[in-house]
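Knowing the structure of chain X, use the given hints to seat chain B on it.
Below, each chain spelled out in residue letters.
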Amino acid sequence: MLTLDALAATRLTGFAGFLRANGFAVGGGDAVPVLQTAQRVGVLDPQVLRWSLQSLLCGRCDEWLRFDELFDAWFLPANRWQKPERREADDGALSGDRPNGPAGEHEAVDDDELRPRQAASRQEVLTSNDFRALAEREHALDIEALMRRFAREIKHIRLRREARARHGRRLDLPATIRRSVASGGTPFHLAWKDRRRVRPRLVLLIDVSRSMTLYSFFYLRLARALGAELTDVHSFIFHTRVTPVSQALRDPDPWRAQERLHLIAQGWAGGTRIGDSLAQFNREHAARIVHSRTAIIIMSDGYDTGDPQRLSDALVQLRRRARRIVWLNPLCDRPGYAPVCQGMLAAMPHLDLLAPGADLASIKAVLPNLIEALR
Amino acid sequence: MTAERGLQVAALQQTLADAGYIAERNLVAALLLMQDLGRPLLLEGDAGVGKTEVAKVLATVRNTRLIRLQCYEGLDAHAAMYEWNYQRQLLAIKLLEHDERGIAQKEQDIFSERYLLKRPLLEAISCEQPPVLLIDEVDRADEAFEAYLLELLSDFQLSIPELGTVRATSIPLVVITSNGTRELSDALRRRCLYQYIDYPDHAKELAIVRKKAPRAAAELAQQIVAFVQGVRRMEMQKKPGIAETLDWTAALLRLGITVIDKDGAERIMETLSALIKTRDDRLALPREAVARLAAAC
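Chains as they are written, first to last, in the numbering used here: chain X, 1 to 375; chain B, 1001 to 1297.
Excised from the complex, chain X in its bound form (with noise of 0.2 Å):
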């Protein structure tokens, strides 16, 4: 086996403290397998080198397309960045080794570019928004108490279901055979299994553009505290398109998910178009996230500037995957409120239930008709 010298170890265990200010899930255990990884793959071929790294210390996609760059940041000499390796240049060729290119052929690139960041790049700052509001101490108590009893509910429709049934389709022997001992042996009476247990999962879509700005954070942070309680819920945000939050909300660094959304929200309090961003829900995500017992909880005003046929369509495609469609609109239980705007009324033939939600007293009072629509 290779012994590395100090300064190569030093650099190596580095390495993953660099990638965890990254925002990597890498933990201070990690330093050790990164030694025994080097030292069997040895540090003078950096393709294998990297490879290895990578499959090591990345844990999701994100983090896998964001790998090359800071290898090359914190391995590669200041003046010899490289752009990320290309897939068509390199990988599925079955010759041996490929030697890396001379330092010649990489593009020039200005230096600060590439510097190692120690926190994720915040050059879309967004002044008109302002994130703290998810770490806001008010209410956030009470958002979190509400949740975790919206969880709770949830939970029970599970299990609920799960429980041993009086009769099912299936011989429960264990039970059964527990049972026999106190009738010496013979099994008069028969425990049962119920077929299959069910678990609803959730799927957020929040509108965050300009007419929603007073609920949208409001939103997000109950989409946040619910998504602490129970682990299959999957949120987005939509304006003009949608976008996963779920990774970002769920970092359990306050400060650090207020970066990150900071990154996301491009285009964040801009117009809205329903129709355009459901239907990209559909065609990007939905395949892989909406099965039949999932329920998609829409939060959005209604106003639409897009078509709202599309936005019919949209729903009802969904309409066909999902189990339950439920639209929490802020506005509804203001006196005298009908669905009127395009946007309500091209949708409301496709919801199972419309309800108010503007604020935690009235999502508490609307909670008993949402889980039974859940249900």
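Hints in this document: simulated from the structure, not taken from any laboratory. Do not rely on the hints blindly, as some may be mistaken.
Claimed, not checked - Computed Cβ-Cβ distance ranges for the label pairs, DEER-style:
(1) B:1278 with X:228: 31 to 39 Å
(2) X:184 with B:1087: 18 to 26 Å
(3) B:1190 with X:229: 21 to 29 Å
(4) X:229 with B:1217: 24 to 32 Å
(5) B:1278 with X:192: 15 to 23 Å
(6) X:254 with B:1185: 42 to 50 Å
What the hints assert, rightly or not - Under the rule of at most 30 Å between Cα atoms (straight-line distance), these lysine-lysine pairs were calculated in the DSS-like manner:
(7) B:1056 with B:1094
(8) X:193 with B:1106
(9) X:193 with X:155
(10) B:1056 with B:1118
(11) X:193 with B:1118
(12) B:1262 with B:1238
(13) B:1212 with B:1262
(14) B:1238 with B:1212
(15) B:1094 with X:193
Note that beta-carbon positions come from the ideal geometry of N, C-alpha and C, so glycine has one too.
Just chain B, lined up with the frame of chain X:
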């Protein structure tokens, strides 16, 4: 040592190719590392990019058994690890009624390995030779099972209350696949090596088609791959995977189509059911679109 590793990667890549799997070199490097560190390999990527195939070909190349655990919603420990054969046990209790032996001995007899049904996980750790254990679509199982799995993967032992702890006689090569329908726990991700597999690029897919469908002429294979890559660039509900490409190739060969061009669009339409799997995608590919794609090949 280092040059050696580069050679090892190239050698394994060649071996995999001989066994019919075209792998990129970063995947090969991960496969080697997986054996070095004794860690499971977590493969993510869209359906149809060849994740499951990795485990199969690994078993072939290592000349060992492939044990497969297909995950599904509601998969529990009994279905995955072990179960007592209750029917036989009940029978045995009846038969032992008139036996002279003591209760303790009878009990020991009933809870012996003879009445144990081995499910994939137990089987994988009690093999003589280290097998390849494929845990397919782990995201379909629920979190509780994931936690259970984690315990097995860290200690490679399994406790059966009536029998005691079963230690692994050999450490299996574990390949886990996920389609990303549910977020996996960080603990599981931390335990595993990770590899993201994307749709193949032109060169790789061409190599796969040439390998798996040698009957297709070089020119046709080239056109098939160009066409499929074109379809993938469109906005599809379900992008065609590698299996679809191969199915489609077979369909074209079967119908005796030897060239893909604009004039043959009508006949290509007849074979599209092998490539396009949803109604909406089918509607997005009318005759003109097919002709345009074919013309670009």
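Against the structure, the hints come out as follows:
Judged by the Cβ atoms, the range 31 to 39 Å given for residue 1278 (chain B) and residue 228 (chain X) holds: they are separated by roughly 35 Å. For residue 184 (chain X) paired with residue 1087 (chain B), a C-beta distance near 19 Å keeps the hint of 18 to 26 Å intact. Between residue 1190 (chain B) and residue 229 (chain X) the CB atoms are about 22 Å apart, so this pair conforms to the stated range of 21 to 29 Å. Separation of residue 229 (chain X) from residue 1217 (chain B) is about 58 Å and departs from the stated range, judged on CB atoms against 24 to 32 Å.
Separation of residue 1278 (chain B) from residue 192 (chain X) is about 39 Å and departs from the stated range, judged on CB atoms against 15 to 23 Å. For the hinted restraint 42 to 50 Å between residue 254 (chain X) and residue 1185 (chain B), the CB-CB distance of approximately 20 Å leaves it violated. For the suggested pair residue 1056 (chain B) and residue 1094 (chain B), the alpha carbons sit about 44 Å apart, so the restraint of at most 30 Å is broken. Annotation: proposed proximity of residue 193 (chain X) to residue 1106 (chain B) holds, straight-line Cα distance about 28 Å (limit 30 Å).
For the proposed pair residue 193 (chain X) and residue 155 (chain X), the alpha carbon gap of about 19 Å is at most 30 Å, so the pair holds. Our distance criterion of 30 Å between C-alpha atoms is met by residue 1056 (chain B) and residue 1118 (chain B), whose separation comes to about 21 Å. For the suggested pair residue 193 (chain X) and residue 1118 (chain B), the alpha carbons sit about 22 Å apart, so the restraint of at most 30 Å is met. A threshold of 30 Å between alpha carbons decides the hint, and for residue 1262 (chain B) with residue 1238 (chain B) the separation of about 24 Å falls inside it, so the pair holds.
With a CA separation close to 26 Å, the supplied pair residue 1212 (chain B) and residue 1262 (chain B) stays within the 30 Å bound. With a C-alpha separation of about 23 Å, the suggested pairing of residue 1238 (chain B) with residue 1212 (chain B) holds against the 30 Å cut-off. As the CA atoms of residue 1094 (chain B) and residue 193 (chain X) are separated by approximately 24 Å, the hinted pair is consistent with the 30 Å bound.
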